[in-house]
Amino acid sequence: MAAFLVRRTIGAILVLVAVTFFVFVIFIVVPGGDPAERIAGKNATPQNIENIRHDWGFDRPFYVQYYKMMEKMATGSLVSYTSQQNVVQQIEQGMPATFSLSIGAGVIWLFFGILVGVISAISAGKFSDRAITVLALVGVSLPIFWLGIVTRYYLAEGGLTSFFPDGEYVPLTDNPAQWFFHLILPWTVLAVGFIGFYGRVLRGNVLDTSNEDYVRTAKAKGLPPKRIMRKHILRLSLIPIITLFGLDFAGVLGGGAILTETVFDLHGVGQYAAQSINNFDLPPIMGVTLYGAMFIVVFSVFVDLLYAYLDPRIRPT
Amino acid sequence: MAETLLQVKDLKVQFATEDGMVKAVDGVSFELERGKVLGIVGESGSGKSVTAMTLMGLTGGVNSRFEGEILYKGTDLLTLSDDQMQQYRGPELGMIFQDPMTSLNPVYRIGDQIAEAIRTHEKIDKRGAKNRSVELLRAVGIPNPEARVDDFPHQFSGGMRQRAMIAMALSCNPDLLIADEPTTALDVTIQAQIIELIGRLKDDFNSAVIMITHDLGVVADIADEIIVMYAGQVVEQASTRDLFYDPQHPYTWGLLGSIPRLDRPRPDRLHSIKGSPPSLINLPQGCAFRPRCQHAFNRCMERPALESHLDVATHLDRCWLDVPYKRSHRDETISGATEAA
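Chains as they are written, first to last, in numbering that gives the first Met the number 0: chain P, 0 to 316; chain F, 0 to 340.
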């Protein structure tokens with residue numbers, strides 16, 4: 000166990016370094032990326048730009064720049080090129096919104112994904128299965144930006160019906176009811192695609208597992224069908240879903256729900272990332288990248304541990 | 000006269016597929032008394048496994064069609080609902096499957112899988128069920144069962160897993176144990192042990208056994224009666240002794256000829272039955288074995304009935320050849336003389 004954690008920690012650090020380094024290099028290679036010109040503004044003289052370049056260290060070798068940036072990130076003193084705001088603080092400010100969105104949506108999509116998968120597997124080939132299949136495919140195919148805008152137009156305040164408030168994030172500590180009310184649409188919109196996808200994957204897993212010899216054994220033992228489904232089929236069918244969920248959930252926690260956050264103006268980490276990319280603002284991009292990659296790395300360790308718990312065959316002995 | 004446990008009368012099982020109706024089992028009848036062992040022998044696709052699974056009620060489905068009767072202690076199992084059938088699986092009927100590597104659930108402990116069966120059918124607490132599991136594992140010859148009961152299946156060898164499967168099948172004291180090729184996936188050295196174990200436990204538990212196999216050698220010692228199946232039909236049915244000493248059907252000869260034997264002069268090569276079993280959707284006209292039979296003649300274009308051609312009324316076969324011809328020609332196949340020529 001200790002060896003496992005040490006190995007995974009070293010691996011995680013390498014991944015984080017590699018990811019941030021690639022983002023950094025891409026930013027330098029992309030044309031129009033010269034930060035000095037952007038900081039200097041529209042009517043800057045060449046001398047102005049040159050001074051800025053020297054002051055900010057843009058004239059030094061790129062690996063030195065990379066190192067300096069990571070150093071600032073580690074000490075929490077990294078600031079944006081455009082707004083000069085502290086990157087770490089900005090990410091911290093976005094986290095409550097992003098966490099609220101992700102956790103709520105995660106619960107919804109996991110619950111309904113499993114429900115949809117099990118129902119369509121049980122009724123495989125029948126009408127309900129086909130109906131669910133069509134709905135699932137529609138759900139997977141709907142682009143989030145489109146679905147978000149359409150729901151806002153039809154259901155949110157200022158639209159046709161005004162059932163729900165239109166976007167914005169209300170902190171949970173300020174007003175739990177409003178927090179919930181404001182998040183219903185974003186949760187749903189983010190969850191729809193995942194529900195469809197998880198439902199399809201689980202349906203296939205359940206049908207595959209149902210044909211396993213040990214399920215036949217369970218039937219031969221005279222177990223009730225519900226128990227066979229729950230203990231012998233579902234338990235094993237859910238193992239791949241755990242992996243999917245771990246990584247998808249880490250993705251949205253890490254600011255991956257860029258479209259949902261932007262469409263509903265939640266001011267989360269994802270929206271911060273989107274703004275920074277629009278502004279060609281490297282420090283926040285690096286910050287969000289590192290932040291997101293950390294979630295992926297940590298959650299993949301969680302997933303591995305959970306896997307070992309769920310499947311004794313891969314438990315270290 | 001012992002109690003008749005099971006009476007199967009003209010059992011037919013068909014499956015509707017996109018290519019047509021598959022006649023998996025086409026008229027199987029037999030009786031089984033408590034304490035007896037019935038061997039069902041045949042190649043892959045002969046319908047022997049489907050027969051066994053149907054007895055357990057495991058072949059049901061929207062595409063399955065059943066005819067005939069399966070009278071178990073007087074109740075026709077074919078008329079029972081799934082819920083009722085579930086009450087029979089475990090306490091009345093136990094089954095052992097072919098591949099012990101895949102027949103146990105990999106994520107649950109051996110003991111829990113045995114206890115699960117017990118707790119489903121009996122009012123017993125966890126501790127009691129676990130103690131029973133330990134005793135069952137001891138009965139099937141697992142060394143140190145107190146510790147091994149908490150092992151997972153992947154920590155067991157193939158032979159041990161099959162022993163655990165047997166323990167599971169016997170956990171609720173079934174009166175009928177169905178073993179579907181219980182030794183096929185095991186090492187030869189383990190095979191004899193498992194067969195011996197089943198024979199011994201049958202007596203301990205006072206149950207009847209249906210042993211399904213493609214290998215006549217497996218059932219030679221243990222079975223009281225043997226049914227030889229081909230293409231869903233019974234081609235020969237006799238007491239074990241009669242079947243081995245006076246086999247009547249050319250297919251049975253082929254099966255006998257394919258067993259390596261040490262008590263006879265060694266043939267140059269073992270007999271192999273040429274060709275492969277027919278499609279169960281389009282059976283050949285007449286005798287189903289005709290296209291592969293060396294002795295086929297004109298009359299074989301008509302389907303022979305399963306009936307006795309001997310003094311022994313219980314020895315049935317499905318062949319048009321006359322008995323003297325069969326007795327004078329069968330040794331070519333059984334001892335491999337034809338192949339040597």
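For the record, the hints were derived by calculation from the structure and aren't laboratory data. There's no promise every hint is true.
Said to hold, decoys possible - Pairs of lysine-lysine, DSSO-like flavour, derived with a Cα cap of 30 angstroms:
{"id": "1", "chain 1": "F", "residue 1": "72", "chain 2": "F", "residue 2": "11"}
{"id": "2", "chain 1": "F", "residue 1": "11", "chain 2": "F", "residue 2": "35"}
{"id": "3", "chain 1": "P", "residue 1": "230", "chain 2": "F", "residue 2": "122"}
{"id": "4", "chain 1": "F", "residue 1": "72", "chain 2": "F", "residue 2": "35"}
{"id": "5", "chain 1": "F", "residue 1": "325", "chain 2": "P", "residue 2": "225"}
{"id": "6", "chain 1": "P", "residue 1": "225", "chain 2": "P", "residue 2": "125"}
{"id": "7", "chain 1": "F", "residue 1": "8", "chain 2": "F", "residue 2": "35"}
{"id": "8", "chain 1": "F", "residue 1": "122", "chain 2": "F", "residue 2": "325"}
{"id": "9", "chain 1": "P", "residue 1": "67", "chain 2": "P", "residue 2": "41"}
{"id": "10", "chain 1": "F", "residue 1": "325", "chain 2": "F", "residue 2": "273"}
{"id": "11", "chain 1": "F", "residue 1": "72", "chain 2": "F", "residue 2": "122"}
{"id": "12", "chain 1": "P", "residue 1": "41", "chain 2": "P", "residue 2": "125"}
{"id": "13", "chain 1": "P", "residue 1": "230", "chain 2": "F", "residue 2": "125"}
{"id": "14", "chain 1": "F", "residue 1": "35", "chain 2": "F", "residue 2": "125"}
{"id": "15", "chain 1": "F", "residue 1": "125", "chain 2": "P", "residue 2": "225"}
{"id": "16", "chain 1": "P", "residue 1": "225", "chain 2": "F", "residue 2": "122"}
{"id": "17", "chain 1": "P", "residue 1": "125", "chain 2": "F", "residue 2": "11"}
{"id": "18", "chain 1": "P", "residue 1": "71", "chain 2": "P", "residue 2": "41"}
What the hints assert, rightly or not - One side only, chain P facing chain F, incomplete, derived with CB under 8 angstroms:
{"id": "19", "residue": "67"}
{"id": "20", "residue": "212"}
{"id": "21", "residue": "213"}
{"id": "22", "residue": "215"}
{"id": "23", "residue": "216"}
{"id": "24", "residue": "220"}
{"id": "25", "residue": "221"}
{"id": "26", "residue": "222"}
{"id": "27", "residue": "231"}
{"id": "28", "residue": "235"}
{"id": "29", "residue": "309"}
{"id": "30", "residue": "310"}
What the hints assert, rightly or not - Stretch-level coverage of chain F by chain P, calculated; a stretch enters the list once three of its residues show a Cβ under 8 angstroms from a Cβ in chain P:
{"id": "31", "region": "77 to 88"}
{"id": "32", "region": "113 to 126"}
{"id": "33", "region": "208 to 215"}
Bear in mind the structure is a predicted one, so any value in this text is a computation, not a measurement. Virtual Cβ for every residue (Gly too), placed ideally from N, Cα, C.
Against the structure, the hints:
Taking the CA atoms of residue 72 of chain F and residue 11 of chain F, the gap is near 20 angstroms; set against the 30 angstroms cutoff, the hint holds. Distance hint between residue 11 of chain F and residue 35 of chain F is fulfilled; the C-alpha atoms sit about 24 angstroms from each other, no more than 30 angstroms. Simply put, residue 230 of chain P and residue 122 of chain F have alpha-carbon atoms about 20 angstroms apart, close enough for the 30 angstroms limit, and the pair holds. For a cut-off of 30 angstroms, the pair hint linking residue 72 of chain F to residue 35 of chain F stands: about 15 angstroms separates their Cα positions.
For the hint pairing residue 325 of chain F with residue 225 of chain P, the CA-to-CA distance comes to about 55 angstroms; that exceeds 30 angstroms, so the pair is violated. The suggested pairing of residue 225 of chain P with residue 125 of chain P holds, with an alpha-carbon distance near 19 angstroms, which does not exceed 30 angstroms. In summary, the hint linking residue 8 of chain F to residue 35 of chain F is supported, as the alpha carbons are separated by about 18 angstroms, within the 30 angstroms threshold. This hinted pair does not check out: residue 122 of chain F and residue 325 of chain F have alpha carbons roughly 57 angstroms apart, beyond 30 angstroms.
This hinted pair checks out: residue 67 of chain P and residue 41 of chain P have alpha carbons roughly 27 angstroms apart, not beyond 30 angstroms. Restraint check for residue 325 of chain F and residue 273 of chain F: the C-alpha separation of about 19 angstroms stays at or below 30 angstroms, so the hint holds. The straight-line distance between the Cα atoms of residue 72 of chain F and residue 122 of chain F is roughly 24 angstroms, inside the 30 angstroms bound, and the hint therefore holds. Proposed proximity of residue 41 of chain P and residue 125 of chain P is contradicted: the alpha carbons are some 65 angstroms apart, above 30 angstroms.
Of the pairs offered as hints, the one joining residue 230 of chain P and residue 125 of chain F holds, with about 17 angstroms between alpha carbons and a cut-off of 30 angstroms not exceeded. Taken as a hint, the residue 35 of chain F and residue 125 of chain F pair is broken in the structure, with Cα atoms around 34 angstroms apart against an allowance of 30 angstroms. Our distance criterion of 30 angstroms between C-alpha atoms is met by residue 125 of chain F and residue 225 of chain P, whose separation comes to about 20 angstroms. Using a Cα cut-off of 30 angstroms, the hinted pair residue 225 of chain P and residue 122 of chain F holds, with the two alpha carbons roughly 19 angstroms apart.
Restraint check for residue 125 of chain P and residue 11 of chain F: the C-alpha separation of about 27 angstroms stays at or below 30 angstroms, so the hint holds. Between residue 71 of chain P and residue 41 of chain P the alpha-carbon distance is near 28 angstroms, which keeps this suggested pair within the 30 angstroms criterion. Because the closest C-beta pair between residue 67 of chain P and chain F is about 50 angstroms apart, greater than 8 angstroms, the hint is violated. Using the Cβ-Cβ criterion of 8 angstroms, the hint placing residue 212 of chain P at the interface with chain F is satisfied: the shortest such distance is roughly 4 angstroms.
Proximity of residue 213 of chain P to chain F holds as hinted, the smallest CB-CB distance being about 4 angstroms (cut-off 8 angstroms). Using the Cβ-Cβ criterion of 8 angstroms, the hint placing residue 215 of chain P at the interface with chain F is satisfied: the shortest such distance is roughly 6 angstroms. At about 5 angstroms, the closest approach between the beta carbon of residue 216 of chain P and any beta carbon in chain F falls short of 8 angstroms, and the interface hint on this residue holds. Against a cut-off of 8 angstroms between C-beta atoms, the interface hint on residue 220 of chain P holds, since the closest Cβ of chain F lies about 4 angstroms away.
The criterion of a C-beta within 8 angstroms of any C-beta in chain F is met by residue 221 of chain P, whose closest approach is roughly 3 angstroms, and the hint holds. Checking residue 222 of chain P against chain F: minimum C-beta separation of about 5 angstroms stays under 8 angstroms; hint holds. Because the smallest distance between the Cβ of residue 231 of chain P and any Cβ of chain F comes to about 6 angstroms, under 8 angstroms, the interface hint for this residue holds. The beta carbon of residue 235 of chain P comes within 6 angstroms of a beta carbon in chain F, closer than 8 angstroms, and the hint placing it at the interface holds.
For the restraint placing residue 309 of chain P at the interface with chain F, the shortest Cβ-Cβ distance is roughly 7 angstroms, inside the 8 angstroms limit, so the hint holds. Interface restraint check: residue 310 of chain P against chain F, minimum CB-CB distance 6 angstroms, threshold 8 angstroms, status holds. Coverage of the region 77 to 88 of chain F by chain P holds in this model, with 5 residues showing a Cβ closer than 8 angstroms to a Cβ of that chain against a need of three. Figure legend: the region 113 to 126 of chain F, annotated as covered by chain P; annotation consistent (4 residues with Cβ-Cβ distances under 8 angstroms, at least 3 required).
Under the rule that three or more residues need a Cβ within less than 8 angstroms of chain P, the assignment of the region 208 to 215 of chain F is violated, with 0 such residues.
Taken one by one, the earlier hints fail for this structure at numbers 5, 8, 12, 14, 19, 33, listed in ascending order.
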